[in-house]
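full-length UniProt numbering numbers the first residue of the sequence shown as 1 and each following residue consecutively.
Mixed in with the good hints there might be a few duds.
Said to hold, decoys possible - Taking lysine-lysine pairs in the PhoX-like style, the calculated list, with each CA pair at most 20 Å apart, reads:
id	residue 1	residue 2
1	Lys90	Lys454
2	Lys207	Lys127
3	Lys304	Lys358
4	Lys90	Lys127
5	Lys340	Lys207
6	Lys382	Lys91
7	Lys454	Lys127
8	Lys382	Lys90
9	Lys268	Lys111
10	Lys340	Lys358
To be verified - So the derived label-pair ranges between C-beta atoms look like this:
id	residue 1	residue 2	range
11	Thr172	Lys111	26 to 36 Å
12	Val128	Lys91	36 to 46 Å
13	Pro315	Val106	47 to 57 Å
14	Glu461	Val106	37 to 47 Å
15	Gln473	Tyr176	49 to 59 Å
16	Leu445	Lys111	51 to 61 Å
17	Glu283	Gln239	28 to 38 Å
18	Leu167	Gly146	23 to 33 Å
19	Gln234	Asn469	48 to 58 Å
20	Glu444	His542	22 to 32 Å
21	Pro195	Gly157	18 to 28 Å
22	Gly146	Gln473	51 to 61 Å
23	Glu463	Val106	23 to 33 Å
Keep in mind the hints are simulated off the structure, nothing from the lab. Please read all numbers here as calculations on a predicted model, not as lab measurements. Note that beta-carbon positions come from the ideal geometry of N, C-alpha and C, so glycine has one too.
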Amino acid sequence: MRVKMECATAGRFFGPSSSRLSNPRRRRRIVLNRNNGLSAHNLCSSSKFKIQAQTHLSSEVGIAKQGSLTDFGIQEFVWPSPTDEIPFWKKGFPSWDANLEVPSEVKKDSKLMHIIHVTAEMAPIAKVGGLGDVVTGLARACLSRGHRVDIMLPFYGCIQREQIDDLTLITTYNSYHDGKWIPTHAYSGTVSGIPVIFIEPSHQFFKGQHVYGGSYNELEAYLFFSRACLEWMQVTGTQPDIIHVHEWQTGALPLLYWDMYHYLSLQKPRIVLTIHNMEHYGECRQEQLNMCGLDGSLYATFDKAVDDRTVGHNPERLSLLKGGIVYSNAVVTVSPTYLKETLCSGWLSNTLIRHRDKYVGIVNGIDTAMWNPSTDVFLPSKFHAQNFEGKKLCKYYVQRGLGLASGNHVPDTALKVPLVVCITRLVAQKGLHLIIHAIKQVEELGGQMVILGKAPDSRVESEFEGLVNLHNQGQSIRILLMYSEELSHLLYAAADFILVPSMYEPCGLAQMIGMRYGAVPVVRKTGGLADTVFDMDDEPNHEMANGFKY
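Take the sequences, apply the hints, and build the full model.
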């Protein structure tokens, strides 16, 4: 898949002094032999995959027919059990981090830039959803092409400092908030091979056990963070080519940059805003925007940042996301289909249409260093397209660990049972009614299904707890109301099918990670799912087929 890069938008929107990077489209094509059917046994033991990538990969892979787990040294392997005191996904992993080798085939760009990402999330240290994955993967991709890249991130209280290499206090300065100058520390460190600058205010912001949901006002905290990042750049004389902001949390930064810091000392940077999900708009009162030093009343106009839905109300409200769209030099969303959907529906469509000339849709890419079955430190056995045997072991390992198979089963018999995996936040957007229907269907058809995800809504959590009580004691279904980075890697490696039944999906990473780990995606035709999954029954594009889309 094409890696989305701010560099590609730079030349288009930032004038002759900036560079536009070549960004070859890489599309993996997987063609399944329909004659073999789609049982898990066929997928793991006898199917033939034709994999072509337009840049460097071209191979035809026949998966060994004679291989069995008995041949694989199964007798010496220590299998997990659901009764183990320590869950199997928490055992004995040599490292939490990714393989950081830069692929040798990556071509360095001739015109190099300094890019600073300003973000609320970064995988793996401050990850809630796909935003964290994309920021890390995009930063690594740009580093591999020779660019200088930094990520600026709040120093959340929940971040585990031992996961940061070379953590050093580099700057102590003051940043403005609500009439006061707040003493603030900036730390530098390296996470997963990527330089990170952590911003830590001396007051209550970003304290707590989780990235979101602290006892402080989140909107006001991110307003402070947006200004604190620009203040740090000014204090240290840092002038990047691009400041890349993500989501509503940093939507105020473009306003602060163009109406304040550009008149002070920051002259060089241009601003890219990426919208990962237009579900959240950053609703803001004028007096809240005042807290970061701007006059909120100046932005309460149709052509700036007023929330169109509140026009005529008392009081009218602002939208940080809308302000970011208006004030950024380029606006990117995470797939071409989602771009079309956002231009045709939603209250922000009028704003996006007015700024259509700077609005582009680019499919997200996955971080192929973090998500690599041939080097993944979380797997009991590695595998790749030329040798698929390790996937069988990973599947059986997960089946044993979750109680979906026991020592009484012949391993190859357990492997023949199709395993459907769904890794998702349990929110309405993700098609909860379809997930619940799939549980029933998979069980009736003799398959197995594992769901991994948390429900932020107590009503949804209660409904799924009922499903846990109904299903989790059998041999078919496991519903795990939690999130674990380690377990997600294991489940992708074990899966025969990845289910992504979203009602809308700006891009989605699960379907791409699933394909990377040899699983077949089953997705709803929306957003980035429509751009990355090509249906088996689409005869005109049969050579592109890599899954099922409805």
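Quick rundown of the hints versus the structure:
Restraint check for Lys90 and Lys454: satisfied, since their Cα atoms lie roughly 18 Å apart, inside the 20 Å limit. Our distance criterion of 20 Å between C-alpha atoms is met by Lys207 and Lys127, whose separation comes to about 16 Å. Pair hint Lys304 plus Lys358 holds up; C-alpha atoms about 16 Å apart against a cutoff of 20 Å. Restraint check for Lys90 and Lys127: the C-alpha separation of about 18 Å stays at or below 20 Å, so the hint holds.
With a C-alpha separation of about 39 Å, the suggested pairing of Lys340 with Lys207 is violated against the 20 Å cut-off. Proposed proximity of Lys382 and Lys91 is supported: the alpha carbons are some 16 Å apart, at most 20 Å. Note on Lys454 and Lys127: the hinted pairing holds, with a Cα-Cα distance of about 13 Å set against a maximum of 20 Å. Distance hint between Lys382 and Lys90 is fulfilled; the C-alpha atoms sit about 17 Å from each other, no more than 20 Å.
The straight-line distance between the Cα atoms of Lys268 and Lys111 is roughly 16 Å, inside the 20 Å bound, and the hint therefore holds. With a C-alpha separation of about 14 Å, the suggested pairing of Lys340 with Lys358 holds against the 20 Å cut-off. Between Thr172 and Lys111 the Cβ separation comes to about 35 Å, which falls inside the hinted range of 26 to 36 Å. Here the CB-CB span from Val128 to Lys91 is close to 25 Å, at odds with the stated 36 to 46 Å.
Take Pro315 and Val106: their Cβ atoms lie about 51 Å apart, and the range 47 to 57 Å holds. Evaluation of the 37 to 47 Å hint for Glu461 and Val106 yields a pass: the beta carbon distance comes to about 43 Å. Between Gln473 and Tyr176 the beta carbons are some 57 Å apart, a value that agrees with the proposed interval 49 to 59 Å. As the Cβ distance of Leu445 to Lys111 is approximately 55 Å, the hint placing it in 51 to 61 Å holds.
A C-beta distance of roughly 32 Å is found between Glu283 and Gln239, which places it inside the suggested range of 28 to 38 Å. A beta carbon spacing of about 26 Å between Leu167 and Gly146 agrees with the range 23 to 33 Å that was offered as a hint. Checked against the hint of 48 to 58 Å, the C-beta distance between Gln234 and Asn469 comes to roughly 56 Å, which is consistent with it. Checked against the hint of 22 to 32 Å, the C-beta distance between Glu444 and His542 comes to roughly 30 Å, which is consistent with it.
Distance hint for Pro195 and Gly157: a CB-CB separation of about 22 Å, consistent with the stated range 18 to 28 Å. In this structure the supplied range 51 to 61 Å holds for Gly146 paired with Gln473, their Cβ-Cβ distance being about 54 Å. Judged by the Cβ atoms, the range 23 to 33 Å given for Glu463 and Val106 is violated: they are separated by roughly 46 Å.
Checked against the numbered hints given earlier, the structure breaks hints 5, 12, 23 and satisfies all the rest.
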